[in-house]
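So the sequence lines, in the order shown, correspond to chains L and Y. Quick note: the first sequence uses the numbering used here, first residue 1, plus one each step. Quick note: the second sequence uses the numbering used here, first residue 1, plus one each step.
Simulated from the structure, these hints should not be mistaken for lab results. Warning: the hint list may mix true and false statements.
[Unchecked claim] Distance ranges between label pairs, derived from CB positions:
1. L:Gly184 x Y:Ala445: 29 to 37 Å
2. Y:Val461 x L:Val39: 19 to 27 Å
3. Y:Arg144 x L:Ser125: 55 to 63 Å
For each residue, glycine too, the CB sits at the ideal point set by N, CA and C.
Now for the letters of each chain:
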Amino acid sequence: MSHVTPPSRSGFWTFLVRFAVFAAPVLLVLGVVKSALWVSGDAWPAAMVVSHQQNAEAEVIYSRDFLSEHFGVYKRAGVTASAPEVVVLGSSRVMQFRAEMVAPLSFYNAGGMLQNATDLTEYASLVARGALPTPRLALISVDPWWVKRSDGEARSHLHDSDDALNPGAHIDAFRYALREGRGGEWLALLTTSRTAPQDEVKAIGSFAIRRGQGFRRDGSFQYSPLLLREAAADPRFVDRESPPIIERIRSRQLAFAPPVAFDYDKATAVTDALRSLRESGIEVWVYLPPFSTESEEALRDDPILRRWWEVYLGPFAEQLAETGASVISTPTPEAVGLDDRYMIDGFHPSEVMSGHTLLQMMEQAPDASLLREIDAENLRAMLREAETPLAFEVPTLTPEAETALREERQRSRRS
Amino acid sequence: MLFNSVTFAVFLPLVLVVYWALGQERVRAQNALLVVASYVFYAWWDWRFLSLIVLSSILDFVCGLRIGRSEKARTRKLYLAASVGFNLGTLGVFKYFDFFAESFAGLVGAFGLHADPVTLGVILPVGISFYTFQTMSYTIDVYRGTIAPTTRPISFFAYVSFFPQLVAGPIERAGNLLPQFNASRRFSVPDAKDGLRQILWGLFKKVVIADNLAAPVTAVYGDHASHSGVALAIATVFFAFQIYCDFSGYSDIAIGTARLFGIRLMDNFRTPYFSTSIPEFWRRWHISLSTWFRDYVYIPLGGSRVRSKWRHALNVIATFTISGLWHGANSTFIVWGFLNGAYYLPSILKPDPAPSRELVQARGWVPHPRQAFKMLGTFALVCVAWVFFRAASLTDAVQILAQITTGDWFPIYPLSGFPYIAILVAAEWVQRHRRHALEIGHLPAPARWGIYYAVVAAIVVFGRTNHLPFIYFQF
Chain L
1 MSHVTPPSRS GFWTFLVRFA VFAAPVLLVL GVVKSALWVS GDAWPAAMVV SHQQNAEAEV
61 IYSRDFLSEH FGVYKRAGVT ASAPEVVVLG SSRVMQFRAE MVAPLSFYNA GGMLQNATDL
121 TEYASLVARG ALPTPRLALI SVDPWWVKRS DGEARSHLHD SDDALNPGAH IDAFRYALRE
181 GRGGEWLALL TTSRTAPQDE VKAIGSFAIR RGQGFRRDGS FQYSPLLLRE AAADPRFVDR
241 ESPPIIERIR SRQLAFAPPV AFDYDKATAV TDALRSLRES GIEVWVYLPP FSTESEEALR
301 DDPILRRWWE VYLGPFAEQL AETGASVIST PTPEAVGLDD RYMIDGFHPS EVMSGHTLLQ
361 MMEQAPDASL LREIDAENLR AMLREAETPL AFEVPTLTPE AETALREERQ RSRRS
Chain Y
1 MLFNSVTFAV FLPLVLVVYW ALGQERVRAQ NALLVVASYV FYAWWDWRFL SLIVLSSILD
61 FVCGLRIGRS EKARTRKLYL AASVGFNLGT LGVFKYFDFF AESFAGLVGA FGLHADPVTL
121 GVILPVGISF YTFQTMSYTI DVYRGTIAPT TRPISFFAYV SFFPQLVAGP IERAGNLLPQ
181 FNASRRFSVP DAKDGLRQIL WGLFKKVVIA DNLAAPVTAV YGDHASHSGV ALAIATVFFA
241 FQIYCDFSGY SDIAIGTARL FGIRLMDNFR TPYFSTSIPE FWRRWHISLS TWFRDYVYIP
301 LGGSRVRSKW RHALNVIATF TISGLWHGAN STFIVWGFLN GAYYLPSILK PDPAPSRELV
361 QARGWVPHPR QAFKMLGTFA LVCVAWVFFR AASLTDAVQI LAQITTGDWF PIYPLSGFPY
421 IAILVAAEWV QRHRRHALEI GHLPAPARWG IYYAVVAAIV VFGRTNHLPF IYFQF
């Protein structure tokens, strides 16, 4: 006797097959979308990127374009994997401290991982609990907006989730690319060899591949070779941020937007976190990073911003020092004997200026400081031989690569 | 788990395959699978509140049985009270306690006395307003003798927790849904096809239209003082379409998904913005809730069979005000409900001798000017009420209405949402006699497939990049 399949079941399977036929082109497109992200490295999880960078023989820079960078996730993976003796913490304003500056000590630049006082508190807590490695020295940059009153609670970036494995984020990214008319760029990623435009540099992530800009294996940030070459040709100060920092200050927008007042609760959170880190046996240096001269003047002259800025530089810096941490305050490049040419923009110091800052710290450091173990001669030589105010060495580009980068920049500006 | 998430796109096919692989003869196994799947679906959001659904299901199942088996009026009333008391009590604690405590403190304060409100600060479990109403209607119907109590616990649990409509309806009646869980389901290819079309249309409405309108609405309503009267009026129109596409989009996905399982849910929306009067609008907007309030609040209050027109009006206004409170513990919702009830006054005090029961203009591509005028008038009244629904507070709502009527004309921002609205209105007008705008099974295959792919492409390209939750989840 033969078995008769119930009509409902056979109907369902036939329907399923027809639906699969309908869905096949859609799935094919999604497959292409995902493949491009994978081949370029945009969809590599942070831990995989870090592992690849640290095990490579030559420099590998990393920067995504179509998926969110999530500094917190990437830098946390970097700190965990490298377990450095010296760690640099803070926002993007400390990203120019390099591993070669602190040789022979091991180093990781976690700039971008801490964006506010909540992040610092969370970092200190993770170190105290042993969830993050304990460095011997932490250089922590504290931005003025960490102690500025704000509406709403600041969230910690250390627990962000990585979009690399989030299929929804991939679709969102593809949608964004299509809407921006960049579908062709996306497809081109399928054939990429993951090489940066500058010589002998490998890249992970579509932005690093296209622009030669991204995070180095030590966590520090590599600016675009085109920017560094143009700055070498004309070293005058240009505020390259968009909108420029001076405009942000004058129009009181973004980090300078109302309510503008010093937040004493946040200041206490910062000092509590510093004490906690010191109790974990870490030598703590607090860095108050510079603004360009014109921006700092604008801060001092603004009737509303002035008071906040003064408390930050004065009483707050004293409060920081009372925690036992060493404080290095550089309101402008002049504080380390330099000028605005050493600023990438209105509030990002260059690698050369970061080197000078480190040298000044070493000169101030007590005998027991770990900074005494740094090869000072090496650092002085680097600073002496720096080719431009922005870079120790100007990257080399083939004429074709330079043209491609210029065209890419034009396209980017148009979009 | 959101319908507009990748997780759901994986979850649904998996459950479907297992469900139909079990075979139509294994109804209990299919129901058990639906219960488990529904609990997983709900627990994805917050597993702790799953206990409320389970508790509500057990209690109402037992109460239903006891009411059905007992002949003593007192016992029957006792079990009905237990069911209604538990469901309304749960709703009261989780949804209204803080609101009433704060309102009481405010009232006392108005008399110069001071009272610190005792608030619980609990979060609102998703879907609580929907499943409590659904399960409560079961015991009420058993008590009334409209339906017989079920003796099958798994079927009843599936009825309470059926995941497509668990968190935002349609609020089903046991009389419609429960028999479907007791009988064997046959997989119907035409039904499943149309279910998928309805899901696709629901997704389009949610992801492309509602979510794209959400940004300008949030921007304007979030800072209404800085916007012109015209901008506020535009944002209000956008909100009218945002909430419609958001909620009816959810309902379409729910109904379409249920059809894939061989289950028919009731319609929840029938092109409501083509209504030519407020009563007609409420026959076409959130039908499952409107009929729920009609059957369990309005009619018990006396409905229209009362001595005076004013008492009738009072019944309508009371029903709508309670319906407003159902939407949220906020005075803005109460005023929204009251206002919609008040809109009924003209039709109650001076009834139309020959009211049109025709839901949509039957013939013609273009509405008759008189009908168009009525449609626009009805839409305008609905929009005025939406201002209260959307505003953060009563003060804001009044200010927004004042700005719309007396405020500046410029700048006219935002306009970018109008193309989405135009597409929606055109599609729904052309398809107004059908259950949803993508009911195109009668077209030749190439046209159908072309339309499907166009809609999928529109979702991919024009859908919003952030996965906004459905508005009605908050209720």
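Cross-check of the supplied hints:
Roughly 32 Å separates the CB atoms of glycine 184 of chain L and alanine 445 of chain Y, a value that falls within the hinted 29 to 37 Å. A hinted range of 19 to 27 Å holds for the C-beta pair valine 461 of chain Y and valine 39 of chain L, which are about 23 Å apart. Under the hint 55 to 63 Å, the C-beta atoms of arginine 144 of chain Y and serine 125 of chain L, about 59 Å apart, fit the expected range.
Checked against the numbered hints above, the structure violates none of them.
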